[in-house]
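Protein chains: 2
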Amino acid sequence: NVTNLPFWNTFDVLNFATIDEEVAKLLELKAQLGGDEGKHQFTLKTAKGTRDYNPKQMAIREKVFNTIIGCFKRHGAETIDTPVFELKETLTGKYGEDSKLIYDLKDQGGELLSLRYDLTVPFARYLAMNKISNIKRYHIAKVYRRDNPAMTRGRYREFYQCDFDIAGQYDPMIPDAECLKIVHEILSELELGDFRIKVNDRRILDGMFAVCGVPDDKFRTICSTVDKLDKMSWEDVRSEMVKEKGLSEEAADQIGQYVSMQGGKDLAERLLQDAKMSQSKQACAGLTDMKLLFSYLELFQVTDKVVFDLSLARGLDYYTGVIYEAILTQNGPAPEAGEKGEEGVSVGSVAGGGRYDGLVGMFDPKGRKVPCVGVSIGIERVFSILEQKAEVRGSEKVRTTETQVMVASAQKNLLEERLKLTAELWNAGIKAEVMYKKNPKLLSQLQHCEDSGIPLVAILGEQELKDGVVKLRDVHSREEADVLRAELVEEIKKRIADV
Amino acid sequence: NVTNLPFWNTFDVLNFATIDEEVAKLLELKAQLGGDEGKHQFTLKTAKGTRDYNPKQMAIREKVFNTIIGCFKRHGAETIDTPVFELKETLTGKYGEDSKLIYDLKDQGGELLSLRYDLTVPFARYLAMNKISNIKRYHIAKVYRRDNPAMTRGRYREFYQCDFDIAGQYDPMIPDAECLKIVHEILSELELGDFRIKVNDRRILDGMFAVCGVPDDKFRTICSTVDKLDKMSWEDVRSEMVKEKGLSEEAADQIGQYVSMQGGKDLAERLLQDAKMSQSKQACAGLTDMKLLFSYLELFQVTDKVVFDLSLARGLDYYTGVIYEAILTQNGPAPEAGEKGEEGVSVGSVAGGGRYDGLVGMFDPKGRKVPCVGVSIGIERVFSILEQKAEVRGSEKVRTTETQVMVASAQKNLLEERLKLTAELWNAGIKAEVMYKKNPKLLSQLQHCEDSGIPLVAILGEQELKDGVVKLRDVHSREEADVLRAELVEEIKKRIADV
Chain A
3 NVTNLPFWNT FDVLNFATID EEVAKLLELK AQLGGDEGKH QFTLKTAKGT RDYNPKQMAI
63 REKVFNTIIG CFKRHGAETI DTPVFELKET LTGKYGEDSK LIYDLKDQGG ELLSLRYDLT
123 VPFARYLAMN KISNIKRYHI AKVYRRDNPA MTRGRYREFY QCDFDIAGQY DPMIPDAECL
183 KIVHEILSEL ELGDFRIKVN DRRILDGMFA VCGVPDDKFR TICSTVDKLD KMSWEDVRSE
243 MVKEKGLSEE AADQIGQYVS MQGGKDLAER LLQDAKMSQS KQACAGLTDM KLLFSYLELF
303 QVTDKVVFDL SLARGLDYYT GVIYEAILTQ NGPAPEAGEK GEEGVSVGSV AGGGRYDGLV
363 GMFDPKGRKV PCVGVSIGIE RVFSILEQKA EVRGSEKVRT TETQVMVASA QKNLLEERLK
423 LTAELWNAGI KAEVMYKKNP KLLSQLQHCE DSGIPLVAIL GEQELKDGVV KLRDVHSREE
483 ADVLRAELVE EIKKRIADV
Chain B
3 NVTNLPFWNT FDVLNFATID EEVAKLLELK AQLGGDEGKH QFTLKTAKGT RDYNPKQMAI
63 REKVFNTIIG CFKRHGAETI DTPVFELKET LTGKYGEDSK LIYDLKDQGG ELLSLRYDLT
123 VPFARYLAMN KISNIKRYHI AKVYRRDNPA MTRGRYREFY QCDFDIAGQY DPMIPDAECL
183 KIVHEILSEL ELGDFRIKVN DRRILDGMFA VCGVPDDKFR TICSTVDKLD KMSWEDVRSE
243 MVKEKGLSEE AADQIGQYVS MQGGKDLAER LLQDAKMSQS KQACAGLTDM KLLFSYLELF
303 QVTDKVVFDL SLARGLDYYT GVIYEAILTQ NGPAPEAGEK GEEGVSVGSV AGGGRYDGLV
363 GMFDPKGRKV PCVGVSIGIE RVFSILEQKA EVRGSEKVRT TETQVMVASA QKNLLEERLK
423 LTAELWNAGI KAEVMYKKNP KLLSQLQHCE DSGIPLVAIL GEQELKDGVV KLRDVHSREE
483 ADVLRAELVE EIKKRIADV
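Protein chains in written order, with the numbering used here: chain A, 3 to 501; chain B, 3 to 501.
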């Protein structure tokens, strides 16, 4: 009876190939659906251009932030915070062609949002929204750019900015000078090696373009090309101006003479006498302010690191006066080929900023202006350098906890006593750890202290409990001494203060 | 000649109405495009459910964070940081029906990303990715939920979480007890008024459901209904179980008896003897651990605030053992009608957490498990309460800067001398401010000190410069004394230490 045969018996031999094929297809489909047990294979990674910070990196980060915040507070700054995303329209029209690097949120109904691209635009929005015309504030937070990451060199898609800004109508160049003083203090304190701070002024650049014969509508694009001088030769920059941007050869050559100039107050004085430059009112205003700036920098004793450099242009559109940029002159890996920093910041750049007197007015319903000047410390590159230094010095020297004492025991069945003593120490404000084991070995408790740099061990035993004492051990010297239980907290505080 | 007439002359009078209509339409379109002058009207606001922090709010925030971080460090924790967004698939399948509240980023090419919804899932991803099986870490960062904001009550779409977690295979209930000790310490130190910490165990809940006759496949959904007991009456909860979730009336009534129970170690002991409860192996395991937990809590002296409460369920799926939640029992505005906290956290909830032994295994390619227990402090509500308190006390008492001394002058033309002295103070580590005016009035300089709480003023004048002294003024007492310039830094440090 044919119907009793298994169904595959009804196929002829040639069909076995077809069956194998079908089986293979089904297995492939199963694999696509997640393999056996429906166990989904996660991609175990962070998003492109981002990273986790492990405890050692966090310890370094905390130290750097403390230095920077300490400086900002020394200069009397308050701090604010803004949300990580803004209405998309708040960011529109602020970053020129870099706008394509903004992260947008998915439209899930409601408002259209974007991740902040810097802290300056949210700051300007905050001032306009709250009608604030006077503030000195710092803001340390992450910003987001869909850029090509170069993570080994400290270039990420999610990165910290440390911004300090002074908003308000004041006498010229005094807040501007303080911003430069702050850069000088922070870079000195962080001990990153020698550095230089280049200074220029948008009015000087624009005046220079005018007297060199650059048409008005080409100022910004020629400015962008000049901005490339820190990583392209003059020949290449000149060629871009003439061939790509359509500038005349004469104009380009005249620009070439100016942008090779570097100096200090003397250069500003010289250019004020320059036959061509002095024809531009704008340039003269910028040069007069540059002289004044340098006189304040002399009072602040920071002129050793500051250079008036006519080739400094900076990428962002919103600057209206003084601009500056700090670069490390040693240290760090060589630039990658073709790499170009954000905002026209050169590869070695660790800080930048300038005056932007028009940005708040872009947000104010009545166009009311609030003059602002500020600086942004680009901290990721600093982290990279300090992490590499820590690596070289040997990583065991970076402590990731602040634990002062480990509560241990040499004998069994003392968990309760250990927990009780630990709670006593916590309640007295002592930083204390205890192992989460009923009967840990003394050696493993001591080993943990060695590994994580805990300086003291409070050891409990039957005898100590009977005598009302605790054996206090110095991990480094291995010396031990019995301390009265009632005096333990004071003794630990004394020992810690001595270290 | 008809063709020489203006074109509108060819319309008859009736058509003027049509023209007016067309003009109105065009004007409307023009208005939509931004009105006259092309001046775009920005919507000056932050995204829905988010807020800026002004300097006063930041000062409060800093104080709260210092308290919390101080506690975490006292317990020997390291810290890590993770990116604000994760691969979308990392968050998939972790939050049950709350997944709809996740913010996705727009697909701009490349990976699909989402903003983190909590710090626990990124932590588990971090552990699996780095093959870490042992760590005690804290993480303070913002998380994002597209929830209905209730901002006056501290419910935002962008908000901080302060997480402390212990990962590792340890003896039972020791790390769990430390988490509760930490909640107790932090809530006591923040002085938010009286509080209570409810504790339960997922194994006790599941055992209870089993012995009450809840079918296996209804455990999670019945658990969600139980979770509503802190803001719905038992009658309403019972009705939801029976009518919406199809539970039998007998089962519901049996659950009703258990979930009304509250107590301590004694309750755990009593339930271990309970004829029905003792039939569940799971419940017995949970109850035995609950007894052990309370014995450790007694050693930590925190049982005054901790209650074993069988109605505590918590929303998140990933808990596997002990769960807890801290509520303030006084203080703060009344709950809004129908409001329900995230993760099933009650409205007055300020901290919550529990044991999640399976989450890391969901990320590990080999399913390797890392047992974890942790707690999350919900800081926004704490901010709300402390901000209201500051408001009541009078806002002038919250200082937003730490400036110690204002460098001032009573006479004109002393800007240079003021800047020089200010720089000297900065270089000596003194927190100093100077007015950005050439010739500010002494009164306005003193007024600034009063307004922002600066305790000292260093006053320069022609006579003082001649005599090599500085007049140091105490803003509060208005006393003035001449101090030798060379001794100024020491004198300021002494005065500050005395305050």
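Treat each hint with caution, since some may be false.
As the list makes no split between identical chains, a pair holds if one copy fits it or if it spans any two.
Distance condition first, Cα-Cα at most 25 Å in a straight line; then the derived SDA-like pairs of lysine to any residue [unchecked claim]: (1) K399 <-> E252; (2) K75 <-> W428; (3) K108 <-> D149; (4) K439 <-> G170; (5) K75 <-> L474; (6) K433 <-> Y320; (7) K278 <-> I498.
Read the hints as simulated data drawn from the structure, not as lab findings.
Structure-based check of each hint:
no.	hint	verdict
1	K399 <-> E252	neither (59 Å within a copy, 64 Å between copies)
2	K75 <-> W428	between (31 Å within a copy, 10 Å between copies)
3	K108 <-> D149	both (19 Å within a copy, 16 Å between copies)
4	K439 <-> G170	between (60 Å within a copy, 11 Å between copies)
5	K75 <-> L474	between (39 Å within a copy, 21 Å between copies)
6	K433 <-> Y320	neither (49 Å within a copy, 31 Å between copies)
7	K278 <-> I498	neither (67 Å within a copy, 55 Å between copies)
Going down the numbered hints, you'll see the structure goes against 1, 6 and 7, while the others check out.
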